[in-house]
Structure formats: structure tokens, C-alpha cells
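Chemist: What follows is each chain in one-letter form.
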Amino acid sequence: MDALLQFLFSGLTVGAVYALVALGFTIIYNASDVVNFAQGEFVMLGGMITVFAFDAGVPLPLAAVVAILVTAAIGVALNKLAIEPARGAPVVSLIIITIGASILIRGATQLVFDKQLHRFPAFSGDDPIRVLGATILPQSLWVIGGALAVFVGLWVFFTRTLTGKAVLATANNRIAAQLVGINTGWIMTLSFGLSAAIGAFAGVLVTPITLVSYDVGVALALKGFAAAMLGGMGNPKGALVGGLLLGCLEAMTAGYVSSQYKEAVAFIVILAVLFVMPRGLFGAKTTERV
Amino acid sequence: MLTKTTTALVTLAALGALSGAAQAEIRLGVSVSATGPAAFLGDPEAKTIEMLVEQLNEKGGINGEKVALTLYDDGGDPNKARTFATRLIEDDEVVAIIGGSTTGTTMSILSVAEGEGIPFISLAGAISIIDPVREYVFKTPHTDRMACEKIFTDMQAQGISKVGMISGTDGFGASMQAQCKEVAGDYGVEIVADETYGPQDADMTPQLTRIRNTDGVQAVLNPGFGQGPAIVTRNVAQLGFDVPLYQSHGVASNAFIELAGADSAEGLRLPGTALLIADSLSEDDPQYEVVTSYTKAFKAAYNQEVSTFGGYAHDAFALMADAISRADDAEDPEAIRDALEKTSGFVGTTGTYSFSPEDHLGLDLSAFRMLEVKDGGWQPVE
Amino acid sequence: MMAGRGKWISLAVLALLIGLLPLVFPSGYYFRVGALIFVNALSVIGLVILIGYAGQISLGHAGFAGIGAYACALAPEHLGLHPLLSLVLGAGISAAMAALIGKPILRLKGYYLAVATLGFGILVSMILTNERALTGGPDGMNVADPGLRSLLRDMGWRLSGGEFWYGISGLVLLVGAWLALNLFDSPSGRAMRALHGSEVAAATVGVDVARQKLRAFVISAVYASVAGSLLALQNGYITPDVAGFLHSVEMVTMAVLGGVGSVLGATLGAAILTLLPQVLTVFAEYEQLVLGLVMVLVMIFLPQGLLPSIARRLKGRDA
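Residue numbers (the working numbering), protein chains in the order written: chain A, 955 to 1244; chain B, 137 to 518; chain C, 3 to 321.
Accuracy of the hints is not assured; some may be wrong.
Facing chain B, from chain A, some residues (calculated, C-beta under 8 Å) [unchecked claim]:
(1) Q960
(2) K1069
(3) Q1070
(4) L1071
(5) R1073
(6) L1091
(7) L1165
(8) A1205
(9) A1208
(10) G1209
(11) S1213
(12) E1217
Just the calculated beta-carbon pair ranges, DEER-fashion [to be verified]:
(13) C/A17 / A/T1117: 52 to 60 Å
(14) A/T1113 / B/A391: 43 to 51 Å
(15) B/G513 / C/G149: 55 to 63 Å
(16) C/A17 / A/A1010: 54 to 62 Å
(17) C/L81 / B/A391: 41 to 49 Å
(18) A/V1219 / B/D378: 28 to 36 Å
(19) A/V1219 / C/W10: 49 to 57 Å
(20) A/K1191 / C/L18: 56 to 64 Å
(21) C/I312 / A/T1113: 46 to 54 Å
Hints in this document: simulated from the structure, not taken from any laboratory.
We put the CB at the ideal spot given by N, CA and C, even for glycine.
Put together the whole structure using the sequences plus the hints.
Modeler: This is the structure:
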């Protein structure tokens, strides 16, 4: 029993990390139908910039804010310099552009900072909290809470605010959105800035647990992407559920079956879900336009 | 476009050949994984060799001839490593090669070097690199098997006979995991639990819970490098899992204690080299001289702590430079190889090397020192 | 648009390049790089058929390269098969695998197809990494020499390893290009290309959409598998990296960079990405930066890929 609870705690911790990355994908996808493979680099940047600001003597909360703002600016620049100029390009080209951007950001980070592993202290210490024989770190609660907060924020944003609806309208039909007076250029800027900020926020939360180095982004983007697709791309609910589900699947497999093939089991489940529901658990139904 | 690139390449190559011929130099080739998943190994290796070449040339080189270094970054990709090995030999015309941060890249370089008759010192751990002995291939790191043996010897002394293992699935962890399972029996140690984790995993509590729930586990052994072992160490502390924890030489660095947290790391043991305890080494220790001068110089040049891996590169370069200085002809790969094989009692940061036609590693178990984390720093175990 | 004539021009350009470049090679190293370019180009041509002709995406094709490579490493040792027959066996297994998983996977579209193929590739590389007893794990394993070179030597034709593999890879690339160009003009190829425009439209004019997609997927898997085998044979050593996600991405990047609809473009893309790290060794620190920059810039300014965009410009100037 305490083993099951321990696996669950582990799954929720890791799952919340995936969910935070997956949530970052949703805004950009909703605004532009682009899956931004550089999302993992935003997470990495959030961690790295915080580490270096903190080591330079900046108080942790301020360092985190700086990291989030700088990363958001990089996100906006990515949109202005790489995504906007390639508007209308096919999916494959956009995948290559965002992968290219992620390689570029990684290369630059390695030059500006270094190739070492880093960490900064957990927000509320390292003393584990005991629940019925299982343990969880306070930082895990920060990560899980962060994922929930971002989810609620996004849900409110997309359903309750005019700007959020404008984002959805832009994705749906850019020209129609412009006709009804939506500044689609500004919406795109906002989407990339927000997504990058969410990514950096995730990086700040998870670094005390996962540690950070210039190349952690690829694996995070991969898992976050898989989680988002499992849940259904574009839907914040899908990102949250997909991420937590993926994390728990891995933890349960590692705990009860085999740690060697925990990722294999996760991907097999994703494949199986997609065979039955080709647009993920919460994906919207669409038909191809001719 | 294609032809233009080729012309550019040809011109570059021609320029290189010209500058090479202009002055008498000893051309040394290096291919390490300074970036990519094995950057943890290759980055300090590249920095070390660049630093040492500069130092050596400032002192006037080897017997008056400067060393011209060609260093390539293979990114941990064996395919690239093979291409760079070919390039080093056929295009840069080096007389010797150092490199191969991982076993995979080493095996790729090895077959080219062996085929062309160029002496090659590998920086990777696997025993298959030098067993069976290959004519031109040497290596400086201890084998993973030796690390396992050192650990199991210590466990035996502590009366530990049932061990739970948790290994990284990267090349380093997987190789050591296999070697440890092979030799455990020789030391009366039984591996009762055998778990793994991915190199980028964020939480290992499920695997550790499984180990904890296995009957009779007296110690945990974690072969791996990178962030994995730091997270394992933290998770062991988080679970309140109160058995001795053994790490591998893969994390033998001061940075590791910082990443794992001094509290969580307190009391853990690993087989390390003299490098880690440079400060507390007594002056009559045979390694005192070489270890302190290397750690000081590296720290001064890069403002970064030394690691075991940089130490491997240090020893490889020192051995090669020594062999070249002793060789009958410093421009003849064959002569360098012969001189290298005659190396005897050469003190490096890792240990004391003595090569022979039957032994191209030339270290024994005494090169490893059992280290323990005490008060947030490394201390030798009595 | 470009019927018979274009095909022969493409093949002639390729053959001339392969045949004449060795005349200016200053050292054996250039043969090695050439052979690598050809092997990469071969797998990229497979992607041209899948992405360029049929409009489907795959982020897992390195999985097939892995199957081909490890077939050549394992079959001679365990089945006693000749390395060249092992190549054929690998291609057969890849085709069967592609047919098996292609059926359900290809119903997915866009990013969902991307994640499904990605999952496949990761499964393959995970098996290769984890089944240490069989594959040597992440450290990799030796690949037996096919013995062809010594056969040629006995016939009085002395070639260095580099020269030999340059020739073999070049020949296989030519055959691969010829087959792909033939497919382009065939009824089946036209049906595939119809999918690229619109699946619904293609279906209404009587194209069996599922069948054509699957056919493109299987063919491209065989290309990747053969390329993987050739790589294993010429390296004599293989690690699971060959099946890794990064290799899949590299293949797609080569295809898109050069021009995803064109066989010659695929070769150009393979050449650029293979040469880039070789040219950038002096600035190895900046390699990733430059690679990323090249990818982004080409996609922004030449969205059709290098070769088609250049060709279009040249044509525009003529008119």
C-alpha cells in the first residue's frame, strides 16, 4: 500500500513536469497551429538563467522573475524572426524551423553559460513530507501546484477572456479574425511570449528536482509533446491529464513491471490511445477542408 | 554548390598541408565528445588536453619540437568519431591519437587506428578495448570491472553480501552494471535487485522503493553519471532508506556533492582517484606532485573543478608525450607505439602505469582509492 | 511536368558527381565523407517518397535504419548469414514492420502521425539499447566485414576501405535514385502525389488513399533500412545511436533542407548536413549555433528547400 502511494507520488511529480511542458505547447498551438519543438528550451532557459542570476547574488524570487521575463522576450523574438516570416509554410517546414530554433538556443546557451549541471535550493527545503509511509518532497508540491495553477489560468484565459477567445479565433481563421478587428500579429506575439513564460516558469519549478544543464530541453520537449498529443493538442485539460497520466504510467511500470521498459510502456499506451482516438483523449473533431 | 564546397575544402586542406610542412612539428590528433550526451566526459577531456599542449609548447615542446594539436568534437556519435579518425590519419597526418570518450566512439576510432598503424590511447572504460590486446590501442581509465571489484572488496570488508543495484541506461551505467553483475560472485556479493533509470529521468523513488522492499538488501550500488546519481542520492535520503550507498567513479567530483546535497550525500562511498583528495594528499605520496599541479593549473585556466575524466585525458597526454620523447623517431607512429609499450612506472593522476605487450592498460586495483563523503567533502576511507 | 527528360538529367548529374569527384580528392578522408553523404542521401530519398510524394511525415525513420544496421550486425553472427544477405533480410524485416504498423498509424494526420512514428522509433532504439546480451547495449557491437574488398583484391583490384565504400555507396545511391525517379512518373507515384494535395480530393477521383500511403511508408522504410545496413557494414561497428530520435530528425532535416520533392535536392541536403560538422571543426563551439541558424534561415527564405527554390529562380530568370 505504501509502495503504491510512493509510486503515485513519483508519478504525479514527474507527470506534473510533463504537464507543465505540455501546457506550454497549447497556447502557441491554439494561436497558430504550430507545435513549437523549442518549448523544451524555454524550460531549460528558465532553469539556467535563474541558476546564473542566483549564483551572481540575485535573490531567488527575483532571479526567477528575471529568467521568466528574459525567456518570454526570447519567445517573442522567435516568433518575430522565425515563425512570422515563414507564415503559410507546410507542417514539415514549421517542425524543422522550431527544431532548428531549439538547436540554436541550445548552442547559444552552451556558449553564454556552460555545459555543467546546475541546481538551486528547493523553495521550501528538502525535508520530505510523510504520508502513510510514503514520502514526497515539498518541491514536488510546488511543481504539482504550479501545473494546476497554469492549467486553471489557461482555462480561464481561453474561455472567459476576450483575448483568449481572440487567440482561438486567430487559429481558426486568421483572415476572419482580422476582419472582426483582432490584431492577429499582436495575438501571435502574446502567444509566444506567454508560452515561453510558462516554459520558463516550469524550468524554475522543476530545476531543484531534475537539475538543469544546457541540453535538458530535448528530452523535456519530447515527453511534453507526447503528453500533449496523448491528451489532445491544444486543450489545456488534455495537456494536464496527458502529462499526469504519462508520469503515472511510467512510475507504475517502473514500480510493478520493469524500470527498463517504463518508457516503452508509456509510448505503447500513447500509440494505442491514438489508434482508438486519433486526436487524443480530449482532442476536437475536425474534418479536412478541401 | 557541391563542387564549390569541395573546392573550398580542398583549398583548406592544401593550406593545412602547407603550414604543416613549413615547420617541424609533432602532429597529435584528438577526437573527444566535447558536446552531446557524453559532454560530461568529453568537455573536461578537451579542456585538459588543450591546456597541456599549451603548457608543453611554452616549455619548448618535446625535445625541441612543438606539438601541433588537432582536436575534433565527435559529439558522442561513433559515426562522426570514425570520420574524424580517418581525417586525423589521412588528412591531418597525425602520428598519434588520443580520444574516444565513450566506448562506442572508442571502438570506431580503434578500428581505423589499428588498420592504419597509428598509436591510440582511449579514454573509455570498457574492458573490451584492451582485452584482447590490440597492437596500437592503449587506454588510461580503469576498466569498469576494476571499479566494481574495488566496491565489492569494500562491501566484503563491511560484511555486506546482498546488494540492490540501480543503474543508468547510458553507456557508462549499462557497461558497469554488466561488469558488476559478472564479478559480484567472486566477492561473495549477491545482486538481489537490479533496476535501471533513463539518463534524463527526474525521479527514481519507484525503483528505490522496489529495492527497499526486496528482502535482505544491505546496500545500494548506483553505476551512472550525469544528473542520475545526484537524483538517486537525493531520493535515497527522501525515502529514509538507511543502508550504505555506493556510487561509481562516474560521479567522482566535488560538483557532485553540491548537486546531490551535502546532507543526502553524507556517508556515501565511491572508488575514486587521487585527484579528488588533492588537498589532503600527503607530500610524500607518489601522486602528490602530478595531482596538485594538474588540479591547480586546471582551476586557474578554466575556473572549474577537475574531474576523473579530465584526469584520464591528462594521463593519456602525459603518457603519449613521454613515449614520443623516448621514441627513436618522433615522427614515426611505429616507434611511438614501441616506446609507449615500454612505459614503466609512469605516475599519472589516475595511478601508476606500466604497459607491456600483454597489458595495454597497465593499472591495478591500487590505483583506486575508496572515498567517502564526510562533512560535505571527500575523504579517503582509512 | 518533368517527364522522361528531367529524370535522366537528374541521374546523369548524380552519376557525374559520383564518378568525377574522386579525381579532385586530396586524401582518403574525402572518400569516407563522400560515402557518408551517399548513405545519408539514400535514406533521405526514402523520405522524399514519403514526405515529398505522399505528403506524410515520420519522426521515427531512424528506427528502420536501426533494423537494417543491426540485421547486418546480428544475422551473420547468429544465423550464419552472409552480411549482404543480412542487408536483404533487414530490408525485409523493415518492410514487414512498416506494413504492420503503417496500417493503423497512417490513419493519423499531421502532428499525431509525427508522435506515433516518433514512438515507433523510440521503441526500436530502446530495445537496441536495453537488450544488452544481444546488441551490446549502448556501447554497441562489431559488424563482420562482408569480405567483398578482399574478393576484389584477389581479382587484382586493390582499393582502400574508403575508396571501396565510396564506390559501393555511390552505386547503391544511383540505383535508389533511379527507382525513386521511376516511381515519380509511374501511375502509383502519381496517385501518391495526389494525396499530397488533398486526401479527400484524391479519394474522390478514385485513389485508394490508405493503400498508397502504406506503399510510400513501406518503400521509404526499405530505403532507410538499406542505408542503415550500408552504414553498419562500412563502419564495422554500430551503436543504438543509428536508431535514435536525433538521427530521425537529422534525416527529415536533410530532406526538407535540400527540397523534399526532389531526389537531387535530397542528395544536396544530405551533402550539406554531412559536410557542415566537417567544415565547422575549426569553430566546433559554434557548430550547433550555425546548424540551427542554417535550418531556420533556409526554411524561412527557401521554404521549398534549396534545390527547388534555386531551380525556380533560374527558370524565372530565363523567362
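Chemist: Hint by hint, work out which the structure violates, then give me just those numbers in ascending order.
Modeler: none
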